[in-house]
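Chains as they are written, first to last, in full-length UniProt numbering: chain L, 1 to 264; chain Y, 1 to 264; chain G, 1 to 264; chain R, 1 to 264.
Simulated from the structure, these hints should not be mistaken for laboratory data.
All values reported here derive from a predicted model rather than from experimental measurement.
Accuracy of the hints is not assured; some may be wrong.
Remember, identical chains collapse to one label, so a pair may be satisfied in a single copy or spanning two.
[Unchecked claim] Think about it this way: if two alpha-carbon atoms lie no more than 25 Å apart in a straight line, the pair counts; the simulated SDA-like pairs of lysine to any residue are: (1) LYS21 with ARG168; (2) LYS5 with GLY138; (3) LYS5 with ARG185; (4) LYS21 with ARG156; (5) LYS21 with VAL44; (6) LYS5 with GLY106; (7) LYS21 with SER94; (8) LYS21 with HIS90; (9) LYS21 with GLY161; (10) LYS5 with SER235; (11) LYS21 with ASP42; (12) LYS21 with ARG38; (13) LYS21 with PHE32; (14) LYS21 with GLU231; (15) LYS21 with ALA230; (16) LYS21 with ARG228.
4 protein chains.
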Amino acid sequence: MSLWKALEGSRVLDLAQPMRKGMPQSPNHPPFRMALERRHGDLVRPDGGSAANEIIVTGGHVGTHVDALAHVSQEGLLYGGRPAAEVMSHAGFSDMGIDGFEPFVGRCVLLDVAAVHGVATLPAGYEVTPDDLERAAGELEIRAGDAVLVGTGWSRLWESGDDFAGQRNGVPGPGADAARWLAARRPRVVGGETIAFEHIAAGRGHATLPVHRIMLVESGINIVETMRLAELLDSGVREFLLVLNPLPIVGATGAPVRPLAVIA
Amino acid sequence: MSLWKALEGSRVLDLAQPMRKGMPQSPNHPPFRMALERRHGDLVRPDGGSAANEIIVTGGHVGTHVDALAHVSQEGLLYGGRPAAEVMSHAGFSDMGIDGFEPFVGRCVLLDVAAVHGVATLPAGYEVTPDDLERAAGELEIRAGDAVLVGTGWSRLWESGDDFAGQRNGVPGPGADAARWLAARRPRVVGGETIAFEHIAAGRGHATLPVHRIMLVESGINIVETMRLAELLDSGVREFLLVLNPLPIVGATGAPVRPLAVIA
Amino acid sequence: MSLWKALEGSRVLDLAQPMRKGMPQSPNHPPFRMALERRHGDLVRPDGGSAANEIIVTGGHVGTHVDALAHVSQEGLLYGGRPAAEVMSHAGFSDMGIDGFEPFVGRCVLLDVAAVHGVATLPAGYEVTPDDLERAAGELEIRAGDAVLVGTGWSRLWESGDDFAGQRNGVPGPGADAARWLAARRPRVVGGETIAFEHIAAGRGHATLPVHRIMLVESGINIVETMRLAELLDSGVREFLLVLNPLPIVGATGAPVRPLAVIA
Amino acid sequence: MSLWKALEGSRVLDLAQPMRKGMPQSPNHPPFRMALERRHGDLVRPDGGSAANEIIVTGGHVGTHVDALAHVSQEGLLYGGRPAAEVMSHAGFSDMGIDGFEPFVGRCVLLDVAAVHGVATLPAGYEVTPDDLERAAGELEIRAGDAVLVGTGWSRLWESGDDFAGQRNGVPGPGADAARWLAARRPRVVGGETIAFEHIAAGRGHATLPVHRIMLVESGINIVETMRLAELLDSGVREFLLVLNPLPIVGATGAPVRPLAVIA
Chain L
1 MSLWKALEGS RVLDLAQPMR KGMPQSPNHP PFRMALERRH GDLVRPDGGS
51 AANEIIVTGG HVGTHVDALA HVSQEGLLYG GRPAAEVMSH AGFSDMGIDG
101 FEPFVGRCVL LDVAAVHGVA TLPAGYEVTP DDLERAAGEL EIRAGDAVLV
151 GTGWSRLWES GDDFAGQRNG VPGPGADAAR WLAARRPRVV GGETIAFEHI
201 AAGRGHATLP VHRIMLVESG INIVETMRLA ELLDSGVREF LLVLNPLPIV
251 GATGAPVRPL AVIA
Chain Y
1 MSLWKALEGS RVLDLAQPMR KGMPQSPNHP PFRMALERRH GDLVRPDGGS
51 AANEIIVTGG HVGTHVDALA HVSQEGLLYG GRPAAEVMSH AGFSDMGIDG
101 FEPFVGRCVL LDVAAVHGVA TLPAGYEVTP DDLERAAGEL EIRAGDAVLV
151 GTGWSRLWES GDDFAGQRNG VPGPGADAAR WLAARRPRVV GGETIAFEHI
201 AAGRGHATLP VHRIMLVESG INIVETMRLA ELLDSGVREF LLVLNPLPIV
251 GATGAPVRPL AVIA
Chain G
1 MSLWKALEGS RVLDLAQPMR KGMPQSPNHP PFRMALERRH GDLVRPDGGS
51 AANEIIVTGG HVGTHVDALA HVSQEGLLYG GRPAAEVMSH AGFSDMGIDG
101 FEPFVGRCVL LDVAAVHGVA TLPAGYEVTP DDLERAAGEL EIRAGDAVLV
151 GTGWSRLWES GDDFAGQRNG VPGPGADAAR WLAARRPRVV GGETIAFEHI
201 AAGRGHATLP VHRIMLVESG INIVETMRLA ELLDSGVREF LLVLNPLPIV
251 GATGAPVRPL AVIA
Chain R
1 MSLWKALEGS RVLDLAQPMR KGMPQSPNHP PFRMALERRH GDLVRPDGGS
51 AANEIIVTGG HVGTHVDALA HVSQEGLLYG GRPAAEVMSH AGFSDMGIDG
101 FEPFVGRCVL LDVAAVHGVA TLPAGYEVTP DDLERAAGEL EIRAGDAVLV
151 GTGWSRLWES GDDFAGQRNG VPGPGADAAR WLAARRPRVV GGETIAFEHI
201 AAGRGHATLP VHRIMLVESG INIVETMRLA ELLDSGVREF LLVLNPLPIV
251 GATGAPVRPL AVIA
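Kindly generate the complete structure, drawing on both the sequences and the hints.
This is the structure we're talking about:
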């Protein structure tokens, strides 16, 4: 059977937040900016045609995006004990950059931790625990090479910028223990709805990022951040086909992506 | 059957060109630039961790990308007779921007015009005709809502920058007649390997863009450009599942994308 | 006598704020960002030489800068009743852009309104009045073609970002009456220490900008903003030579500048 | 006598090239780009007022600019034997950056080498020699701390982009011997009209930059590049007051500037 036949009747959900000036993002990264450069009417060709275009400034970790393994080091070392200095230059990273991320098209499991607690959105600063993940998984099997997303409901706050960024009250997310629980299942990629896939306590900011260390440096597992999971959480679907194809920016430590969930 | 079961044994081809400083692109758009902002070792946290990140400047029509309907107007009008001035502002386009492009996951037909002529790459400045498309299609059915790609082999020249851009000798691509042939089949999207999905004669540059007018303004069909089709052409596959999910940049006239071909 | 002889013994004060990521600026303009692109050691030539360089993203109204007449319109009209639409395109402004600002090298008068009130810094949200200006001027003559700066002491708050920007508590500056007082003296340029040369009341933001209208649109007088006047105010000097030479960015509505005060 | 009295009757010449998209610049640096972000009419306040603004992308060595000492290293060392690695980070250079350049307001001597050879513009690829400089100086004294500019007439070619950049035929400029001649006179700054203040032979590109090494690394003398000297050369004036105040971009290796010549 052809693949498009197999997909007939399936539904495609867009898991990316819209990218616009002023959207919530980490202050560590260049603020997103898009401006029209030419507008219709600026330059009209003799035949009456006109083209509009834009200039875009962004970072690799802005909007919905994938972290490359090159993003984080520990004691100067990247995943596999590779010294960061060996692969890092004006051209970016010659290894473990986002262009080395093979596009993912495969099974994805969604662990809805908000539902475990009977809420639509976890409280700011809540630390997701291994027990939360166990209960969210229930009978769902997690297989090596899968993608695993942790649902907190936080993407519902996208439009309330300061709360979403959590500079004051923190954001919900996995702590180090939950990260180890995830890594032990050997997924290819993990992800969530917050700017950083971390538990951030109130008023603490991104001082330490243990989940990034455990995933990227110790386990070689990529992270997807700032996903829009609200609709997926509401759908009740916990197992689906995920397409994850970040822009192939050579040598970058991360890149924006528009992930898709394909639901039978 | 689950979707990931259906895809078992399938192959995923990445149809995007890698994005790097100096890659071929149109002089009409902001030159792509990526620079590492922080490198490992710049800021080391007390726990020995360090993060690297980048700044990216680009245009919406740079690298492999999708043209939104808002990209081109004729006599001041966008698709459907909508006056461009009504939907255009500092925030971009309130309608027909790339964020309004629903991600495409569906059947794609590849018309290999190079093969029709028994060559790997069509000559610079060659105009693809309706007859070329008929012969390339052969028995392949084109259905309304499909994606249709026209293979010229031009993506093989990616590394030879000036030739690829074709400022001197032009590039192969559909002329107005071929565009009408395509539009008559009512695909959702069309695309190819060159910077502009147009026939550009030697020394002529992008003076007029009839295919853009026919597709975007007259027919409401989006265009994918600068695709990397070489491997797909070589594979002999002419029918596959295409995933096309450009970044959801609100109000933009186009956006980069990493298209995927999933082959049974 | 040669000019450099005439300047012997004079002192040069730098009136620009340092430009760096995170400095206070208006949210209406692209945030300033500078990143090293190449660092020493990235590319070493056979002779042992190496060069470092950077990428800079900014706006024309970021840091210490001059407003061009093209910056503000009223009912669609620029200074002199020129319709904005006539001179505005993708290339910027063909008239009244900052490249049309003839560098200023001439007499400058500093009106220290903070001193009038016996304080180093005026309170947030204080409106400078014609009477304040009269008293600050005292015996000082203001001649047509001079530059006139209004001292509020606000540049002392540069390092306390949120207070400086005044989003919450406002900033001190001239109201419409003070602007008319200034315009009546026909200076070539006026300026001050705040992000906008306006009185901004607490919590009001930049909702209306009467001083900009009076200066730029009605009087053809340019405005310098975000100047670092603290040292000059402390020096007691009220009359000096000002050099004001904003970057000649063709068609821009403003440009950064490093103004110099030369004091006998 | 007041300084502005001393300057009465003097003439101010603008020595900067206009900054616009597509202007000649080094391919090593981010291409200059300016786009209007908001245009008049995009956002009209209730009182009928409207503001326009822009986004600017540039490098520190783009357009008329000053090289900071941090720009070039030799065997990893900056001027004074300072290891580059000690002062270089994500924040730029903590020492010898362009923000550490004290604005120059002082005597400047123009050595017109083109006139020595009886031409308006030196030929592409011509190497300026110590003898040329001697003859151009004639009776003119060069004092320690002066600025010294070398006239080649090259700024007359600004509008003929490819010739100006000299990628094919090279550009005229001082060789290593001329650089030593200049450095021996201990000027504070030297400069010229070409993109790099170097002799570039036909077809050689910027492979080695001996003048940069001699000036920046060995002598601690800053360099001004891409100056517009044509009008000054034509005026016959060889001694004047120069104002040189590059933007104070913290930590940058260079910054744009609009230099002024004040002529008695």
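Verification of the hints:
1. In this assembly of identical chains, LYS21 and ARG168 lie within 25 Å of each other by CA distance both inside one copy and across copies; the values are 21 Å within and 22 Å between.
2. With identical chains, the CA atoms of LYS5 and GLY138 are at most 25 Å apart between copies only, with a shortest distance of 21 Å across copies and 31 Å within one.
3. In this assembly of identical chains, the alpha carbons of LYS5 and ARG185 lie at most 25 Å apart only when taken from different copies (20 Å versus 32 Å within one copy).
4. For a Cα distance limit of 25 Å, the shortest separation of LYS21 from ARG156 inside one copy, 19 Å, qualifies, whereas the shortest one across copies, 30 Å, does not.
5. With identical chains, the CA atoms of LYS21 and VAL44 are at most 25 Å apart between copies only, with a shortest distance of 19 Å across copies and 28 Å within one.
6. Within a single copy, LYS5 and GLY106 get their C-alpha atoms as close as 17 Å, and across copies as close as 9 Å, so both meet the 25 Å cut-off.
7. Taking the shortest alpha-carbon separations for LYS21 and SER94, only the inter-copy value of 14 Å comes in at or below 25 Å, while the best intra-copy value is 31 Å.
8. Proximity of LYS21 and HIS90 under a CA criterion of 25 Å is satisfied inter-copy only: 11 Å between copies versus 27 Å inside one chain copy.
9. For a Cα distance limit of 25 Å, the shortest separation of LYS21 from GLY161 qualifies both inside one copy, at 12 Å, and across copies, at 21 Å.
10. Taking identical chains as interchangeable, the C-alpha atoms of LYS5 and SER235 lie at most 25 Å apart whether they share a chain (23 Å) or sit on different chains (21 Å).
11. Both within a single protomer and between protomers do LYS21 and ASP42 lie at most 25 Å apart by alpha-carbon distance, with minima of 23 Å and 16 Å respectively.
12. In this homomeric assembly, LYS21 and ARG38 come within 25 Å of each other (Cα to Cα) both inside a single copy, at 18 Å, and across copies, at 13 Å.
13. For the homomeric pair LYS21 and PHE32, the shortest alpha-carbon distances inside one copy (6 Å) and between copies (14 Å) are both at most 25 Å.
14. Taking the shortest Cα distances, LYS21 and GLU231 sit within 25 Å of each other inside one copy (23 Å), while across copies they are farther apart (37 Å).
15. In this assembly of identical chains, the alpha carbons of LYS21 and ALA230 lie at most 25 Å apart only when taken from the same copy (22 Å versus 34 Å across copies).
16. For a Cα distance limit of 25 Å, the shortest separation of LYS21 from ARG228 inside one copy, 17 Å, qualifies, whereas the shortest one across copies, 29 Å, does not.
Hint compliance for this structure: every hint is met.
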